[in-house]
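Asks: Please put together the full structure from these sequences, using the hints given.
There are 4 protein chains.
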Amino acid sequence: MSYVERLMKTLNEEMDYIAENGKLELLMTPGFVDKRLYAIYMTETYHYTKHNARNQAIVATRQEDMNPGYMRFCLNHAREEVGHELMALKDIQKLGFDVSEQTLPRPLVSTQALIAYLYYISHNENPVGRLGYSFWAERVYQFIRPLLGLMETGLKIPKSAMTFFNEHSDIDAKHAEEVDEAISRYVTNEEDYKIVEEIMLNSLKLTFEMTNEVIAEFQKVKDSKETRYYYL
Amino acid sequence: MSYVERLMKTLNEEMDYIAENGKLELLMTPGFVDKRLYAIYMTETYHYTKHNARNQAIVATRQEDMNPGYMRFCLNHAREEVGHELMALKDIQKLGFDVSEQTLPRPLVSTQALIAYLYYISHNENPVGRLGYSFWAERVYQFIRPLLGLMETGLKIPKSAMTFFNEHSDIDAKHAEEVDEAISRYVTNEEDYKIVEEIMLNSLKLTFEMTNEVIAEFQKVKDSKETRYYYL
Amino acid sequence: MSYVERLMKTLNEEMDYIAENGKLELLMTPGFVDKRLYAIYMTETYHYTKHNARNQAIVATRQEDMNPGYMRFCLNHAREEVGHELMALKDIQKLGFDVSEQTLPRPLVSTQALIAYLYYISHNENPVGRLGYSFWAERVYQFIRPLLGLMETGLKIPKSAMTFFNEHSDIDAKHAEEVDEAISRYVTNEEDYKIVEEIMLNSLKLTFEMTNEVIAEFQKVKDSKETRYYYL
Amino acid sequence: MSYVERLMKTLNEEMDYIAENGKLELLMTPGFVDKRLYAIYMTETYHYTKHNARNQAIVATRQEDMNPGYMRFCLNHAREEVGHELMALKDIQKLGFDVSEQTLPRPLVSTQALIAYLYYISHNENPVGRLGYSFWAERVYQFIRPLLGLMETGLKIPKSAMTFFNEHSDIDAKHAEEVDEAISRYVTNEEDYKIVEEIMLNSLKLTFEMTNEVIAEFQKVKDSKETRYYYL
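Residue numbers (my numbering), protein chains in the order written: chain A, 35 to 266; chain B, 35 to 266; chain C, 35 to 266; chain D, 35 to 266.
None of these hints come from the bench; they were simulated from the model. Be a bit skeptical, because a hint or two may be false.
The calculated lysine-lysine pairs, modelled on BS3-like cross-linking and capped at a C-alpha distance of 25 Å, are [claimed, not checked]:
{"no.": "1", "chain 1": "C", "residue 1": "K259", "chain 2": "D", "residue 2": "K43"}
{"no.": "2", "chain 1": "A", "residue 1": "K239", "chain 2": "A", "residue 2": "K228"}
{"no.": "3", "chain 1": "A", "residue 1": "K259", "chain 2": "B", "residue 2": "K239"}
{"no.": "4", "chain 1": "A", "residue 1": "K254", "chain 2": "B", "residue 2": "K228"}
Replies: Listed below in structure tokens is the structure:
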């Protein structure tokens, strides 16, 4: 099996595990079909997305010798991520919520952990490692497409408030291909592979934690408890 | 109420919440009185402790103007944390497990998230913020003393394999006082306070996540599943 | 005057000053028409060029809010700089000198100062500041074209050993235009301008220091003194 | 010869070279016995001194495994450097010049190069390397004592405006001893030694460049040209 195939196998297993053990099915239940849940999720998405171009670029600033092709991949990829957080913000605003970059609540602890982790590995781990995050992040939309459909039909969220997801679904195939190609080229031994796989699983778990905390926050909103999402 | 008193109140509430909702009582049940659990916990402790002096020192390297007294506090405190991870390692070895700095398994994802978070806030948040981590970390031993007693009597772990905990219990009172004094001096407005409180709660939650993952890993060991703790 | 025009005026004045006060005319004198001088210069060029993509990318990793267009400019520009140091190395090899990335001597103190300065300002100064370096670096080739002509005719250096210079002359016009456009867009007030101008002058002075040290090292080679350039 | 002895030999040779080739004797000539020159020098001293605790602490934040004793040395040494720039500022103020931390002019290019270099090597070179800077910086006062005497008698600068120098002369002997001891302990092979020696020479040269630029700036002041030292 190629490294890409091995990653795919591990990713599918993890996704199955998450599907079985996560609270995601909760999202399909009546009380959770709520645009406030979507707004909370987009708020946290705004936060971590804001750092994706930055932590991707950091890999290309490492002092060690790196394959020039890999450096170019990182910088190119970083450039394409610039400003994507603004789509998430616009989607929240389109739903009618009155927030701006200046007034958004601070990120949840799980969102901060995800952001911090991606900086940490970009600075400190084997430079090819971050490909493990891109590997799943660029193809996650195929896993969540049923959810997107639900949101559109169930939540009646208009397409104009789903630019973040739709945009990413569109550039999905292209990016996923580029990441696969980068893995084929720059992951050259078992040691490289191991860290790519670890970072894939770890960043997926931390994102899953974030999703769980988003759901818990929404539960608080439903229970009329105080939350940071003052604008809901 | 002073800032220290407010932090204390918030910390106690959080600790009560954790006591009620965590799996810590699990630790008191027969099957969990096991030195392998202790070794797993010490392995993760080794990992995050190794970074404590470093992330504490980073605060004093920030480019903005800082109170010289606070810089000295950070550097002094960092110096006192140097090498403490070696106590955790020695404790594992004293239990009879054959590991070294070179052969310890990599940290769990929750441990990495804690480490990464502390670097991130030390680099990027209000410099006084890290006091929030010290505030609870320096007095946590009073909360876990019952657990330590249990380990000594129940697990029959000799004092010689508990240097990390015993040492930290001893320097506890002194450090906690210094941290309180630093908070009194350098946390000078509500904005400062808010970030100190946030970092206290966030770092506590991430440590709690780590404890939960440690317990889950131990459960795997008990179930004879494969884990990274090959030396148990 | 626009900011670009003001920078151009200041740059021309500084270049006149350097032309009058520098030792560059020395380069036109018989004893200095020597391919060993060129090899020393290319060695130092290799070193600082290796960091240009990295320090340019660092600007786009800054935590503060930045104009997304400027972030994209930085990442795009960084990507185009990747691997250019290899041209300098190849040019040295083409002259017949037996060196590789692993065996090149360490950079001179003035080269290290230039490298360190560019990292420092990329990390710490106003993010638009680095445009001041690009402003002169992208158009320097028009100033040194007479020198290039001299090298080709006087030193009989073949075109195949001048890829670094020729390549940069070619992409010159395009890059200089892009930098001018970036200055027009992202330098929006006098405070921005002042730091761009300072970094233009400082990086030019440090490069000039490097040139002087290169000449001093070549003088040592001519005097048969020991130097780090063992391969000459 | 021990590593300390070898460094001492190299330092003495370099100091002789500087004494012969520098413009320092200029300082002894009538027109240069001027408290404005002292104020310019102290301004630049303020700037680089402000970063000494920070770049020293950075060494102890490096991710690689380091000798715990060396980490403690770095943090201890950093702590002792905190706030020393305030002595330089106070000395300028004591001379009657109306400046504050907020209104001091920006550092000269040579001062910035020195600052940037020390950060760069603290982040990137062999961690023991920075001992090369401490080695000469902690004992420089014995070299400049004649100059200090001249300032006191010739410039009639009161002791109250020489706290920076006097303080550093006093802690000199103690620090130099500690640095020698650190070199004996933590510089353990030729590779370590080479980088310590390089950083000693490079930081000395960059400081010498700064002194030269200070003198050139003072010459401008004497010639009634415009300078950044508006308060003179």
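Asks: Now tell me if each hint is right for this structure.
Replies: Hints, verified against the model:
1. C:K259 x D:K43: 20 Å, holds
2. A:K239 x A:K228: 16 Å, holds
3. A:K259 x B:K239: 20 Å, holds
4. A:K254 x B:K228: 21 Å, holds
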